[in-house]
Amino acid sequence: MNEPKNNASIISMFHIHKSFGSYNALIDITLDILKNDFLFITGPSGAGKSTLLKLLYLAEKVSDGVILVDGMNLSRITRSKIPFLRRKFGIIFQDYKLIQNRTVFDNISLVLESAGKSRKFIEKKVAGVLKIVKMERKQHVFPPSLSGGEQQRVAVARAIAGEPGIILADEPTGSLDSESASMIMDLLRRFHYHGSTVIVATHDKELIYKTGGRIVHLDHGRMVSPGQA
Amino acid sequence: MAEWYRRDRLSGAVMFLMKRVFQDILKNGYLSIITVITISLSIFIVSAVALFFLNINDVMNSWKKGLKIMVYLKHDVTGTQLPEIKRHLVRFYGIKSARFIPKEEALLFIKDSLPKKLSILEDLKENPLPDAFEIVMLPSYSSWKTIEHLAEKIKAMASVDEVEYGRQWFGRFRNIFNLFKLAGYAVGGLFFVAGVFIVANTIRLLLYSRRDEVEIMRLVGAKDNFIKIPFYIEGVVQGIAGGIIGLFILFITFVFISANIAEGFSPSYFSIRFLPFKIISVIVLCSMFVGWLGSFLSLKQFFKT
Chain A
1 MNEPKNNASI
11 ISMFHIHKSF
21 GSYNALIDIT
31 LDILKNDFLF
41 ITGPSGAGKS
51 TLLKLLYLAE
61 KVSDGVILVD
71 GMNLSRITRS
81 KIPFLRRKFG
91 IIFQDYKLIQ
101 NRTVFDNISL
111 VLESAGKSRK
121 FIEKKVAGVL
131 KIVKMERKQH
141 VFPPSLSGGE
151 QQRVAVARAI
161 AGEPGIILAD
171 EPTGSLDSES
181 ASMIMDLLRR
191 FHYHGSTVIV
201 ATHDKELIYK
211 TGGRIVHLDH
221 GRMVSPGQA
Chain B
1 MAEWYRRDRL
11 SGAVMFLMKR
21 VFQDILKNGY
31 LSIITVITIS
41 LSIFIVSAVA
51 LFFLNINDVM
61 NSWKKGLKIM
71 VYLKHDVTGT
81 QLPEIKRHLV
91 RFYGIKSARF
101 IPKEEALLFI
111 KDSLPKKLSI
121 LEDLKENPLP
131 DAFEIVMLPS
141 YSSWKTIEHL
151 AEKIKAMASV
161 DEVEYGRQWF
171 GRFRNIFNLF
181 KLAGYAVGGL
191 FFVAGVFIVA
201 NTIRLLLYSR
211 RDEVEIMRLV
221 GAKDNFIKIP
231 FYIEGVVQGI
241 AGGIIGLFIL
251 FITFVFISAN
261 IAEGFSPSYF
271 SIRFLPFKII
281 SVIVLCSMFV
291 GWLGSFLSLK
301 QFFKT
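Just so you know, the sequences run in chain order A and B. Numbers 1 to 229, taken from the working numbering, label the letters of the first sequence in order. Numbers 1 to 305, taken from the working numbering, label the letters of the second sequence in order.
Just chain B, same shape as in the assembly (with noise of 0.2 Å):
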């Protein structure tokens, strides 16, 4: 068969299929829209929780970046052991430095960040701070769990009385967030699930109502694929056009609400960025699976009756 001949008929394949699909669409104008709005819907609650998380894990990040352990002596530590604890502090994986912080600077410290000078501190016969070291972590160290493991070490030195590293209101946090990360999932695979359905359902209706059309492309000798692929291309199509709308509208809130968020918050805290390319390649590739697996699962049914 020439070469012409073969490009010829696959050409014409392809654009009779591509004629049929956007006829239906166009046919079915309000299952499609219907379809197109439920896909987007559901596209954009899932990103929006995506872009949620993808930030606030950029939060967290930075705040780990520039988080400190705060190491308090015992009060028995002389001024001649300091040396030799420091150098033992920076031989520690992860530290980036060690500064020593005397209770009288600590104590100035507090005293100038209270609002009103308080008389109990202006009293104090005694300073009853310890004195303490600060450190600084490594960014590449700063991983929960290096952190927490440092701080063991640190603590079992003779000399350190206390470790600090806001454990408690970072450790909440980070449950609240893998709490919040788990309902994030749940509502993801809860969203996918709907989207599946409701484009199953679209795909049966459209069926349903060209159930005739279907028969006599049967009886004149059409094979089953010939019959089932543009309705796959429809759901990919519909898949596609939800997913691009559903994120475009993502877009278009997300512009407006870090317009108003930028205006809060200072630039070098935190900045807040829009899903990278990589993951919404990936929403457009789950979308478009959406509208095959609903297309899918309808035709399964309708060919098995």
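Bound-form chain A, shown alone (with noise of 0.2 Å):
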């Protein structure tokens, strides 16, 4: 099987087909995601929109075709080097996915000392993204006590700890205010604005019209059509 080559995509997916039993969740997407790209993926639910950035960091594999993120294809990638893949990229999930009961401090941390990252580093680095954020007075606090928003807030710091190339946000916005939502859509355009590749599944029309950038829309499983905002 041919694989595609171009050396400014950041992602390539090539013929990616992805089933659960008989449900096809996938069919035949191609795609190329380029460097500072700002892409949004977007269609109803269901559409495959969380599949497809599942298959980016292995979370689920493919079923058929082939991926390539920065240059190592995904289905010949070994169990050892998935937890490298990962640390690519950036991610940040709906439903927050923060560690209950670490403080904060710990959840940003543990990406950076997951890395090997010093402990001066790591006090340094979580107090910089948590500035970012503005969430640095709530550094030794729990998330349960924080609000949607709030802990979206301290999802996006973790995200960014590491300083990945790409960010994957799976509806970051889906169960925030409309406050909330625009300040976490302005960090996401300001990390784009420093250099990362964002990418961001939502069904929010009105957000992407807002934010703007390259859109990829799904129907059953299908890409229907690319475009731009």
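Since the hints were derived computationally from the structure, they do not count as laboratory data. Values in this document were obtained by computation on a predicted structure and should not be read as measured data. The beta carbon of each residue, even a glycine, is placed where N, CA and C say it ideally should be. Keep in mind that a hint or two might mislead.
With a cut-off of at most 27 Å between alpha-carbon atoms, the simulated DSSO-like pairs for lysine-lysine come out as follows [as the list claims (entries may be wrong)]:
1. A:Lys97 - A:Lys120
2. A:Lys97 - B:Lys19
3. B:Lys300 - A:Lys61
4. A:Lys97 - B:Lys181
5. A:Lys35 - A:Lys61
6. B:Lys19 - A:Lys138
7. B:Lys96 - B:Lys74
8. B:Lys228 - A:Lys125
9. B:Lys96 - B:Lys68
10. B:Lys300 - A:Lys81
11. B:Lys111 - B:Lys125
12. A:Lys97 - B:Lys304
13. B:Lys304 - A:Lys61
14. A:Lys61 - B:Lys223
15. A:Lys35 - A:Lys210
16. A:Lys54 - B:Lys300
17. A:Lys138 - A:Lys120
18. B:Lys68 - A:Lys117
If you want the ones that stay clear, here's a sample from chain A, every Cβ over 12 Å from chain B, calculated [claimed, not checked]:
19. Gly46
20. Lys131
21. Arg222
Reconstruct the complex from the two isolated chains, following the hints.
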């Protein structure tokens, strides 16, 4: 099978299929995501947006096709290399996925600790990212005491702490009020401005038109139309 | 990379690990206490068995050291033959001394040792007892096999009628001791397996209660070992704690029991002792291993799924 070759692409997908039993979640997706792209993956619920993101950080494996992430072929990646792949991404989940019995500081430092960074570096870095998301006063607080918007800001801080090249956001504003949602999108735009590739899966059309960027529309697992907002 | 930076990274990682381990132990206090209690009980039982065998072995050794072989001579042996028989006997390897006991002395001994004067002994017209030699073994030659071998050789002598060395009761005692020893190994093995299963299940429960956390750690790029190592340390810490507590309970029990035993027995007969440092170290290492193995088994299964 020929693999796509594009030096400007940070992610290349070539005829991707993903099925769960007899259900086809993604059908024949071919897509190039360029460095410093701001890409929206949109479509109704069940269109395959989250599945597409999961394939990128290997939470799910493709049934068929090839995915290249920064030159790594995900079909051939060994188990021991998966953590290194995941460190290329900063992932923001709709349900935040914060460890409830660890403080805000510990949740963020986890990324850096697992990458083997020094204590001094971690302390400095965590303080820095908390300042960016305006959560510096809550570093010793546990997630259950935070509002949804605050928890999502902590999740954003965790996603950027490791200075990843790619930020994946799966419905990042899905459960937030409009003020918190616009703050999160401002943060994402800021990272994009500083050189990160940002991929956002959302069904919120208003958010897309407000933010602007490239759009990939999925419907029943098929890519319907690439476009520009 | 500068040395100080490497040291900082290493000490930071170790600090982080230890912090996580002790945080986890405290957070899961109930499970941790159950695990430590179970390990300590297992260690207590296994160590008590070991202590029992150690002391029984000491008793047997002390008996063997004082073991005497009685060599009964044939009735037709004359007094002129005795020096030659004695010379022959002491030439055997392992014999410390050989004392001649004339049959008159033996009869006198029996009479004196009986609580009441028995008329049957008074009415004896002839002394039915044989002349004998009492042989004392050298301590280094007092193994069961040596005694048996020596007894056979002595019995083969023309002037010897019978050789007696408490074979029956000592043999029976030895058989019972070996049976107990076997049961002790079985109990030890059983508690080892039980300990491993309990630690494995505790760690498994811990993993399931924290599966979201493990999942998040994996998603943010933590390597499996980064996630596993604290659980390993947790298992080892629980193993060591269980081992030390089990041995401590045993020691307290030992002090209490030995005080009572000391009242009933003369210390010159035998003295009981606690497990030596070497065995204590082995037991603590074993309990550490139990903790580690329990963690290893549950982590292996958990990460497979």
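Results for each hint:
Note on lysine 97 of chain A and lysine 120 of chain A: the hinted pairing holds, with a Cα-Cα distance of about 26 Å set against a maximum of 27 Å. Distance restraint check for lysine 97 of chain A and lysine 19 of chain B: the Cα-Cα separation of roughly 22 Å lies within the 27 Å cut-off, and the hinted pair is therefore satisfied. In summary, the hint linking lysine 300 of chain B to lysine 61 of chain A is supported, as the alpha carbons are separated by about 22 Å, within the 27 Å threshold. Annotation: proposed proximity of lysine 97 of chain A to lysine 181 of chain B is violated, straight-line Cα distance about 55 Å (limit 27 Å).
For a cut-off of 27 Å, the pair hint linking lysine 35 of chain A to lysine 61 of chain A stands: about 23 Å separates their Cα positions. A C-alpha spacing of about 21 Å is found between lysine 19 of chain B and lysine 138 of chain A, which places the hinted pair at or below 27 Å, so the restraint holds. Only pairs whose Cα atoms come within 27 Å are accepted, and lysine 96 of chain B paired with lysine 74 of chain B is accepted, the gap being roughly 23 Å. Annotation: proposed proximity of lysine 228 of chain B to lysine 125 of chain A holds, straight-line Cα distance about 25 Å (limit 27 Å).
Distance restraint check for lysine 96 of chain B and lysine 68 of chain B: the Cα-Cα separation of roughly 10 Å lies within the 27 Å cut-off, and the hinted pair is therefore satisfied. Distance check on the hinted pair: lysine 300 of chain B and lysine 81 of chain A sit about 19 Å apart at the alpha-carbon level, within 27 Å; holds. Under the criterion of a C-alpha separation no larger than 27 Å, the hint pairing lysine 111 of chain B with lysine 125 of chain B is consistent with the structure, at around 15 Å. For the proposed pair lysine 97 of chain A and lysine 304 of chain B, the alpha carbon gap of about 22 Å is at most 27 Å, so the pair holds.
The hinted pair formed by lysine 304 of chain B and lysine 61 of chain A meets the criterion: a straight-line CA distance of about 16 Å does not exceed 27 Å. Between the alpha carbons of lysine 61 of chain A and lysine 223 of chain B the distance comes to roughly 18 Å, so the proposed pair stays at or under 27 Å and holds. In summary, the hint linking lysine 35 of chain A to lysine 210 of chain A is supported, as the alpha carbons are separated by about 22 Å, within the 27 Å threshold. Of the supplied pair hints, the one linking lysine 54 of chain A and lysine 300 of chain B holds, its CA atoms being roughly 24 Å apart against a limit of 27 Å.
Restraint check for lysine 138 of chain A and lysine 120 of chain A: the C-alpha separation of about 19 Å stays at or below 27 Å, so the hint holds. Of the supplied pair hints, the one linking lysine 68 of chain B and lysine 117 of chain A is violated, its CA atoms being roughly 74 Å apart against a limit of 27 Å. A cut-off of 12 Å between C-beta atoms confirms that glycine 46 of chain A is not in contact with chain B; the least separation is 22 Å. No beta-carbon of chain B comes within 12 Å of the beta-carbon of lysine 131 of chain A; the shortest separation is about 20 Å.
Residue placement check: arginine 222 of chain A keeps its beta carbon more than 12 Å from all beta carbons of chain B (closest about 27 Å).
Violated hints for the displayed structure, listed by number in ascending order: 4, 18.
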